[in-house]
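S.K.: Residue numbering for the sequence shown follows my numbering, starting at 39 and increasing by one per position.
Please note that the accuracy of each hint is not assured.
In silico lysine-lysine, DSS-like type, Cα no more than 27 Å apart, as pairs [as the list claims (entries may be wrong)]:
#, residue 1, residue 2
1, 149, 136
2, 136, 122
3, 157, 130
4, 122, 149
5, 122, 157
6, 130, 149
7, 136, 157
These aren't lab readings, by the way, just hints derived from the structure by calculation.
All of these numbers come straight from a predicted model, not from anything done at the bench.
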Amino acid sequence: MLREIQGRIEREREAWTGLVRRLADPRRRLQENQMLLDDLSLSLWRRFQDRLGRLRERLTHDAGRLSGLSPLAVLERGYSIAHKMPEALIVKDSDSLKIGDLLRVTFARGKSLCRVEQKE
Numbered sequence: 039m040l041r042e043i044q045g046r047i048e049r050e051r052e053a054w055t056g057l058v059r060r061l062a063d064p065r066r067r068l069q070e071n072q073m074l075l076d077d078l079s080l081s082l083w084r085r086f087q088d089r090l091g092r093l094r095e096r097l098t099h100d101a102g103r104l105s106g107l108s109p110l111a112v113l114e115r116g117y118s119i120a121h122k123m124p125e126a127l128i129v130k131d132s133d134s135l136k137i138g139d140l141l142r143v144t145f146a147r148g149k150s151l152c153r154v155e156q157k158e
């Protein structure tokens, strides 16, 4: 029975020592946790910056592609848009025109009114 009591006292003492050790220096645990938090914050910031950089590159690329498809970009390359007047219908085929039809032609800079004199 004495051994049981001594064993129990020893176990309680070890438990007590563990508690005292953990509570003795809470600043150390706080510092460790602060360092971990700082590391995680830095890692998160770097990931955010990397992701933001990739999104910016993608936006620049997509904006360039979209700009190339813009009707204004097509006009800048020398094409024009012809509208049959007075309906202002876009002319896609010369078969839709008759001699004497009035056209409004849109260029990259400016517009002109034209009359159909000949068809090919």
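S.K.: Now look at each hint and say whether the structure bears it out.
M.R.: Tested hints:
no., hint, result
1, 149 to 136, "21 Å, holds"
2, 136 to 122, "10 Å, holds"
3, 157 to 130, "14 Å, holds"
4, 122 to 149, "13 Å, holds"
5, 122 to 157, "14 Å, holds"
6, 130 to 149, "18 Å, holds"
7, 136 to 157, "8 Å, holds"
Violation of the numbered hints given earlier is absent; every hint is satisfied by the structure.
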